[in-house]
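For the record, the sequence lines run as chains A and B. Read in order, the letters of the first sequence are residues 1 to 298 in this note's numbering. Read in order, the letters of the second sequence are residues 299 to 575 in this note's numbering.
Rather than coming from a laboratory, the hints here were simulated on the basis of the structure. One or more of the hints may lead you astray.
Partner residues are not named here, just some residues of chain A that face chain B (Cβ under 7 Å, in silico) [what the hints assert, rightly or not]:
(1) F28
(2) L30
(3) L111
(4) V123
(5) D137
(6) T140
From the three backbone atoms N, C-alpha and C, an ideal C-beta is built for every residue, glycine too.
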Amino acid sequence: MGRVSAFFSKNWQTLLFLVPAFLYLLGFLLIILYQVILLSVTRLTPAGQPFVTLDNYRALVLSTELSQALVNTSLFALVGTPLVLAFGLSSALLVNRAYRGVSLVRTAFILPLAIPSLVTATVLFIMFDFPGGHINDLLTGRYSFSPGFLTEPVNFRASALTSLGVALGGKVWRDMPIAMLILLSGLNSIGRDLYEAAAVLGAGRLRSFFKITLPLLLPAISIVLLLRAIEMWKEFIFPFILAARFPMLATLIERAYHEWNSPFMASALSLVLVAVTLVSSLILYYGLAFLRSRVTRA
Amino acid sequence: MAAKSWHWRIILALGTFFTLTLILFPVYILFKYSFSDRASIVTGGEVIPWWPYNPTLEMYRFLFSASDFLRANLMSVEIALLTVAISLILGAPAAYALARYRIPAKGLLLLSLLSVRLFPDVAAAVPVAELLFKLNMQNSVLGVSLAHTLLAMPYVIFIAMGVFDSIPRDLDEQALVLGAGRFRIFFRVALPLAAPGLAAAAIYAFLLSWDEFIFAYFLLFFSDTFTLPVYLQKILSWSPQQNLLAAVSVVLSLPVILFTLVVQRYMRAGILSGALK
Numbered sequence: 001m002g003r004v005s006a007f008f009s010k011n012w013q014t015l016l017f018l019v020p021a022f023l024y025l026l027g028f029l030l031i032i033l034y035q036v037i038l039l040s041v042t043r044l045t046p047a048g049q050p051f052v053t054l055d056n057y058r059a060l061v062l063s064t065e066l067s068q069a070l071v072n073t074s075l076f077a078l079v080g081t082p083l084v085l086a087f088g089l090s091s092a093l094l095v096n097r098a099y100r101g102v103s104l105v106r107t108a109f110i111l112p113l114a115i116p117s118l119v120t121a122t123v124l125f126i127m128f129d130f131p132g133g134h135i136n137d138l139l140t141g142r143y144s145f146s147p148g149f150l151t152e153p154v155n156f157r158a159s160a161l162t163s164l165g166v167a168l169g170g171k172v173w174r175d176m177p178i179a180m181l182i183l184l185s186g187l188n189s190i191g192r193d194l195y196e197a198a199a200v201l202g203a204g205r206l207r208s209f210f211k212i213t214l215p216l217l218l219p220a221i222s223i224v225l226l227l228r229a230i231e232m233w234k235e236f237i238f239p240f241i242l243a244a245r246f247p248m249l250a251t252l253i254e255r256a257y258h259e260w261n262s263p264f265m266a267s268a269l270s271l272v273l274v275a276v277t278l279v280s281s282l283i284l285y286y287g288l289a290f291l292r293s294r295v296t297r298a
Numbered sequence: 299m300a301a302k303s304w305h306w307r308i309i310l311a312l313g314t315f316f317t318l319t320l321i322l323f324p325v326y327i328l329f330k331y332s333f334s335d336r337a338s339i340v341t342g343g344e345v346i347p348w349w350p351y352n353p354t355l356e357m358y359r360f361l362f363s364a365s366d367f368l369r370a371n372l373m374s375v376e377i378a379l380l381t382v383a384i385s386l387i388l389g390a391p392a393a394y395a396l397a398r399y400r401i402p403a404k405g406l407l408l409l410s411l412l413s414v415r416l417f418p419d420v421a422a423a424v425p426v427a428e429l430l431f432k433l434n435m436q437n438s439v440l441g442v443s444l445a446h447t448l449l450a451m452p453y454v455i456f457i458a459m460g461v462f463d464s465i466p467r468d469l470d471e472q473a474l475v476l477g478a479g480r481f482r483i484f485f486r487v488a489l490p491l492a493a494p495g496l497a498a499a500a501i502y503a504f505l506l507s508w509d510e511f512i513f514a515y516f517l518l519f520f521s522d523t524f525t526l527p528v529y530l531q532k533i534l535s536w537s538p539q540q541n542l543l544a545a546v547s548v549v550l551s552l553p554v555i556l557f558t559l560v561v562q563r564y565m566r567a568g569i570l571s572g573a574l575k
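Take these sequences, add in the hints, and give me the full structure.
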């Protein structure tokens, strides 16, 4: 007890600086967790009395919406995460050179970060309109320069594949600059002399990319994959605006809360989302750590 | 070798051109639709033109005389300013302590910041909405600001830590030698020197709140006044004219576009430390 009070009397000033912020953040987070767990095991009797039960989870397991949402969200994350990485890596490689105007190009590449997701989704909503939107006009070859791939315009909002595909495209577009910036800093930390040595030894550009750039970039790539995968699992805005009819975990929470009028089901779904995100991140984290240990050994 | 180098140049130039098109095209469409006249959108089966037939500011004029639109702007600004105030007042001292003092379990504290950041916001929206409902704070500016502060403060702390780190420690030590206390050093020495960097953190927190949709949507669902993003979503769900949608979108994006380019340098540090979305 004496040691604790000694600690406080010695460090009270430091604590005064730190405690308010962390109390706010962690306290808020704990309250949220407590609320969401409590709500998820609550139901109301016909008289409106709350009681504790696992019925919400039972109902979820049996519902077709949850299984659909799990499939859709998994596909969204499994396709979207590598796409963000590929788009970010190609963009990073394109601006990681010295030529006139490269800083302007780099700024342009960061632009999607400066457009709110909601606005990007709205623009895609307009562009992929049916029957008369820019994309349909392009696809049916109605502009003089476009060859025309289809004879009939596509109603993108009608099917899960096309509407979630458009939503995915928006998400990848919007998240690319973050991936690019992380990868750019990774590229900058690779020494020039390695490439020069490789060139002297007769390695071409492709070979030095696969033998030098890619392995040394693996830490940055791991960070991109981990962080972007989490963002993909919890994505709400794009599917909500562009594909609300087709359930994803995040949009199903909204539907449960506002349409089914059940904060209890919505909370159970929220916990499912947290659990799925956590488990997939852990798998990805250990998978990537394993991969890195293999590459450094080789 | 020379011929090969030419191949690469062409491939890279084409790649740059292709990526630029992919990025700039939607941004162009956004602005184009915002000043399109009705005939360029509802074409009656004709092709949508790349440039509006009669460019017009009609939608902007309409918006800036519409009281619900102006109210939405006002509410967005109020919430964003309150978010900036709370997250700076709490976040700046914490960032200073993290940057300057020897703190046990500092890594754990930083990790907890990151975990707040990574917690899915949609998963937090329902419990927060229910909580505010219980506290009778639903539909309030303060309620949304408190939620936005939860999102903004980790960034503010990360950015401000970088700012305080960049100020030489000698200054603190000299002040200490001259007999200033810790609070005095913080308020009189560190804070004034950190002001430009903290301004960047403030701008960042402002923008985050300004275009935040998920919490605003859940917390203001039954409210008569709402923020600009919620306003945009509401008219989107009524499916009105696309030029109106685009004009609201431009008003929502312009501050973000302008200031993101300004605070880019500070944001990069935030992104690299993993704090940024």
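- Message: Hint by hint, where does the structure go against what was stated? Just the numbers, ascending.
- Response: 2 and 6
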